[in-house]
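With the sequences and hints as input, model every part of the structure.
Listed here are the chains, written in short residue letters.
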Amino acid sequence: MFKVKFSLFAHTKELERKIDELHDKIIEISMVFKKAVHLFLQEKRSLNYRQLSKEIKTIEHDADILRRSIENSLYAQNLIPDFRGDVLELVENLDKVINEFDEVAHQLYLENPDVPETYHKPLEDLVAQVSECAENLAFASRAFFKDFSAVRNYSKKVYFMEHESDKTAAKLTEEIFASNLELAHKLQLKTIISEVADIADLAENCVDQLLIYVIKRDI
Amino acid sequence: MVLSSLLFLSSGLFLGWSLGANDVSNIFGAAVGSKMIKFRTAALIASVFVIAGAVFGGSSTTQTLTNLGEVNALAGSFMVALSAALGVYFMAKAGLTTSSSQAIVGAIIGWNLYADKPTDLSVLFKIVLSWVLCPIFAALIAVGLYFALRYLIKKMRLHILRQNEYLRVALVVSGALCTYALGANNIANVMGVFVDTISFEGFKIGALALGQKQILFLLGGIAISAGVFTYAQKVMETIGSHLIKISPFTALVIIVSQALVLFMFTSPFLKNLLSSFGLFSLPLVPVSSTQAVIGAILGIGLLKGGRGVNWSVIGRIVTGWLTTPLIALIVCFVGLFFVENVFRQVVFIP
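Chains L and E supply the protein sequences, listed in that same order. Residue 1 is where the first sequence starts when you use the working numbering, and the numbers rise one by one after that. Residue 220 is where the second sequence starts when you use the working numbering, and the numbers rise one by one after that.
Please note: incorrect hints may appear among the correct ones.
For each label pair, taking beta carbons as the anchor points, the in silico distance ranges come out as [what the hints assert, rightly or not]:
1) L:HIS11 x E:MET375: 15 to 23 Å
2) L:GLU92 x E:ILE355: 40 to 48 Å
3) E:LYS453 x L:LYS167: 57 to 65 Å
4) E:PHE344 x L:LEU88: 55 to 63 Å
Below are the DSS-like pairs computed for lysine-lysine, each with C-alpha atoms no more than 25 Å apart in a straight line [claimed, not checked]:
5) E:LYS254 x L:LYS146
6) L:LYS13 x E:LYS254
7) L:LYS190 x L:LYS34
8) E:LYS345 x L:LYS146
9) E:LYS374 x L:LYS156
10) L:LYS186 x L:LYS44
11) L:LYS34 x L:LYS186
Hints are computed from structural coordinates only; laboratory data are not their basis. Just so we're clear, the structure is a prediction, and the values are computed from it rather than from any experiment. Each residue gets a CB set at the ideal place from its N, CA and C atoms; glycine is no exception.
Given below as structure tokens:
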């Protein structure tokens, strides 16, 4: 028996699903990243950490495939022609946030830095803040596709968490440089902290653009 | 005989061609310019529906023009249509808002003056009133529709992609309705003056029987379609992407407003319905679709706070109400003199 499936909006539904999945990937990668950093601080470059790092890599890879597929569909099916550029830019920026998570996780694996125990708590706080920032970015971006009024609420949270993460990162860097660690060690830790804080900065940039798109699109 | 008839008809066909190139572009311009609808799709829809509107709904407005002046010689009809076409051409060349509806009225009055026939002032008043009401109604309808559709879209919380696809379908459907209304309303400008002066034999294809008037309107409709296919793409792309930036949502509001206004001045059913309720009865008159579009855009512009509203446009519309018929009147009067005295053609029967 042949089953002929016909739907006027079949392509649109498929693309909606992909965009939703890309948002899921941001939430997923931020949660796995939080878990990975916690594990790294306990076990450093252990087999378990390697496992989580690989998981992060897989999420990033899947997100790349999704991004490319979304971009192709938007052009090939001539969808939202007046608005395509903005959506493409948004998708690219969401992908940058995902890439940054992967980069930090990989950096920890490669460099295997020695993080003194006194810095574990503030570093975990920083990771929690940037992860929350990224998660709220995913919520804001998802809302952008369906409910403009909610974008502002989530954006507020992103701005707040980014500001918090900036403060945490600055305080932690200050403490590290005030310590008796070797200069090279201090610089290594500072680079990692700054990379982690960059995740929140990228999320903030993305939200800035989102709010402009909302103004442009709002009827 | 047929060949000479077609030769005289050429001025009306030319007017139809320019109507297709300009007025149909106003309907689909924003949708094609923003790439929501492909030009070929728009042109095909426009052609089918403009012809259908002309053939099946074109009688009502023609009657009003006939009441204004019953042109009774073929050469006279030729000159009336040609003067209207030239009036539109001169006005467009001068960069002023113009309309074939206004030009044809001026040309008919020119014929009345030349033939020493009386002009029914009550009919003329109704026609001029419709010109003023057309952009005002379009603006009011556009504002109401804008509010209603915006509320609906926000309430439904559709995904942007889904919203966009619905918008695309709505643009196609409303564009089809609007071109039907344009064909029904404006065919009188193109072919109205030939109704009493040219004769064709009717024919029947299956259940579809076309009388003389319908054949005339079919030819006019085909001329409008030719205008769409040969020249409208350029105009549409200019409207949609260079001249003014209109979002697909605003485009939908404008098209629906335009369609409703055209129906209001075309539909005998609506006229009878309003009369039966003792309400103001709208005259069935060819109106300017361009001015309906401008009215709708101005309405939305005012709704958004009046920023970016080009007030000189209103001045140009009012100027058009006076100058377009005046130019057509003068050209028609002078032209009739030449056709009668130089080419020795009968331009009126006393």
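Status of each hint after checking the structure:
As the Cβ distance of HIS11 (chain L) to MET375 (chain E) is approximately 20 Å, the hint placing it in 15 to 23 Å holds. Between GLU92 (chain L) and ILE355 (chain E) the beta carbon distance is about 47 Å. The supplied range of 40 to 48 Å therefore holds. As the Cβ distance of LYS453 (chain E) to LYS167 (chain L) is approximately 59 Å, the hint placing it in 57 to 65 Å holds. Between PHE344 (chain E) and LEU88 (chain L) the CB atoms are about 56 Å apart, so this pair conforms to the stated range of 55 to 63 Å.
Distance hint between LYS254 (chain E) and LYS146 (chain L) is fulfilled; the C-alpha atoms sit about 22 Å from each other, no more than 25 Å. Pair hint LYS13 (chain L) plus LYS254 (chain E) holds up; C-alpha atoms about 21 Å apart against a cutoff of 25 Å. With a C-alpha separation of about 19 Å, the suggested pairing of LYS190 (chain L) with LYS34 (chain L) holds against the 25 Å cut-off. Between the alpha carbons of LYS345 (chain E) and LYS146 (chain L) the distance comes to roughly 48 Å, so the proposed pair goes past 25 Å and is violated.
Among the hinted pairs, LYS374 (chain E) with LYS156 (chain L) is consistent with the structure: their alpha-carbon atoms are about 23 Å apart, no more than 25 Å. Only pairs whose Cα atoms come within 25 Å are accepted, and LYS186 (chain L) paired with LYS44 (chain L) is accepted, the gap being roughly 18 Å. Annotation: proposed proximity of LYS34 (chain L) to LYS186 (chain L) holds, straight-line Cα distance about 23 Å (limit 25 Å).
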